[in-house]
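Peer 1: Each chain, written out:
Protein chains: 2
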Amino acid sequence: MILINGAAGTQISAQDRGLHYGDGVFETLAVRAGVPLLWDRHMQRLSTGCARLGITPPDTAMLEAEARQVCTSSSAAQAVLKIIITRGAGARGYRMTTPVPATRILALYPWASWPEDFAQHGVRVRVCATRLGLNPVLAGIKHLNRLEQVLARNEWSDADIPEGLMLDAADCVIEGTMSNVFVVRDGKLYTPDVSRCGIAGIVRGLIMEQPGVECAVTDLTLSDMQNADEVFLCNSVIGVWPVRELDGVQLSPGLLTRRIAVYVDDLMIPC
Amino acid sequence: MILINGAAGTQISAQDRGLHYGDGVFETLAVRAGVPLLWDRHMQRLSTGCARLGITPPDTAMLEAEARQVCTSSSAAQAVLKIIITRGAGARGYRMTTPVPATRILALYPWASWPEDFAQHGVRVRVCATRLGLNPVLAGIKHLNRLEQVLARNEWSDADIPEGLMLDAADCVIEGTMSNVFVVRDGKLYTPDVSRCGIAGIVRGLIMEQPGVECAVTDLTLSDMQNADEVFLCNSVIGVWPVRELDGVQLSPGLLTRRIAVYVDDLMIPC
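Chain order of the listed sequences is A and B.
Per the working numbering, the first sequence starts with residue 1, numbered consecutively.
Per the working numbering, the second sequence starts with residue 1001, numbered consecutively.
Next comes chain A alone, as it looks inside the complex:
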């Protein structure tokens, strides 16, 4: 089911600025038993993204009611809810002269059917040739300008490699095409800075705030990651995936990764 500005539908205006300029933000939420998970966190990031772009966000209560309607339209045990908010339909030109109501699109998708093995025994990860461009104004938020991720994800088709890491122009590893990345070194967590490029993932934020676990934001090269004690990926749909191979180098999923995975799983329960 898709709700567009509150009405069931399948189409949007061909004048929408989301289409013309990628002028908007989105969120991807895991849905269990008809309930979107980590709702408040996703709404917080959506609101941050809208503020950064100068888009007046839709009323949260209305969005929540619409999310409930979309999520309960399917009886599937698990699903994925995507919420897109754009600046709305406008005249030609980058400038938005007359403010119009934001466009809101809520769509329910089938659950992503990743092999169980990925979470259990870890995944193979490659390194993408496509780099992330530097832009502090757009960094952190989940905006609709995602060509870098599209190009990066289309670099390979091996189903046994579910993710690729993306670097910036200074050879720092920033994130995966659809996930954030952490390394473990001497019992402490490190994750790349996303203030120049990259997305501040919801699960990344939860992990950084986990009580009793030290975590630092730092620059990480590919070599730093390959020499780490443990490496793992996370996002709101996959939870945590240990990395067992990084660009040809074998890694051992370890105890701290397991502990983080359990912590994240426990947070991803409908309430």
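There could be a bad hint or two in this list.
[Unchecked claim] Examples of chain B residues toward chain A, derived with CB under 10 angstroms: (1) Val1080; (2) Thr1097; (3) Thr1130; (4) Leu1134.
Calculated from the structure, these hints are not laboratory results.
Glycine residues also receive a C-beta, built at the ideal position from the N, C-alpha and C atoms.
Here the structure of chain A is known, so what remains is to put chain B in place on it, guided by the hints.
Peer 2: This is chain B only, laid out in the frame that chain A set:
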């Protein structure tokens, strides 16, 4: 009038990858007496952009027939034609698993009514705080990821300042939010490199190829531009605008700029 995949309409699929990821390219053409100008050049860049993104472009003859249909739907002496090509409607996720036909949208807009004075006596130009991110893979082509331009253009609302210059992270001036930029120094033209960021404009290309005029691609700082003999902007709709003030510094529109403006005007004739 809007033609969407060949049919008159106003809406596109809410699953279109143009909306979800900005996964496509566009062209903006001046239309005179129902004829889109510089058609072959625009088709060449569209084709280059599609190739860079791995999108199979629509058949050129079909696109030309559709453009003719849209452009002759209005009796206005001048208009603007926007052509958007996206990778099409797809499943969720950055990866495009099953290729689908590209979406094509052709829309006719009213002519941009800039004051005559801008082309005659020059324009005031500001400098945008929003920087262009570095990305050689996306540089040059006119893709749909245009949030940087949207944010830059929304920095000011003074109608007397029609354009703002955008710099990269290394303080090089790259282009305007909607135009390319040239400077004149000792009778020679210089224009910024657009191989790391920026758009390779159609009129920029024509000017660079003008017989009898020397033109070099080079790095230019704001100070270089403010100390140039002449500065001008160009794009497919405005033609050439001399710059008479750049970030508070007065400049004198000069003879070479006039000559280039006439050269471009002569090329922008329906044939």
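Peer 1: Against this structure, judge whether each hint is valid.
Peer 2: Hint by hint, here is what the structure shows:
Evaluation of the B:Val1080 hint against chain A yields a held restraint, the C-beta minimum of about 7 angstroms falling below 10 angstroms. The restraint placing B:Thr1097 at the interface with chain A holds, with a minimum CB-CB distance near 8 angstroms, inside the 10 angstroms limit. Given hint, B:Thr1130 at the interface with chain A, holds; its Cβ is 6 angstroms from that chain's nearest Cβ, closer than 10 angstroms. Checking B:Leu1134 against chain A: minimum C-beta separation of about 5 angstroms stays under 10 angstroms; hint holds.
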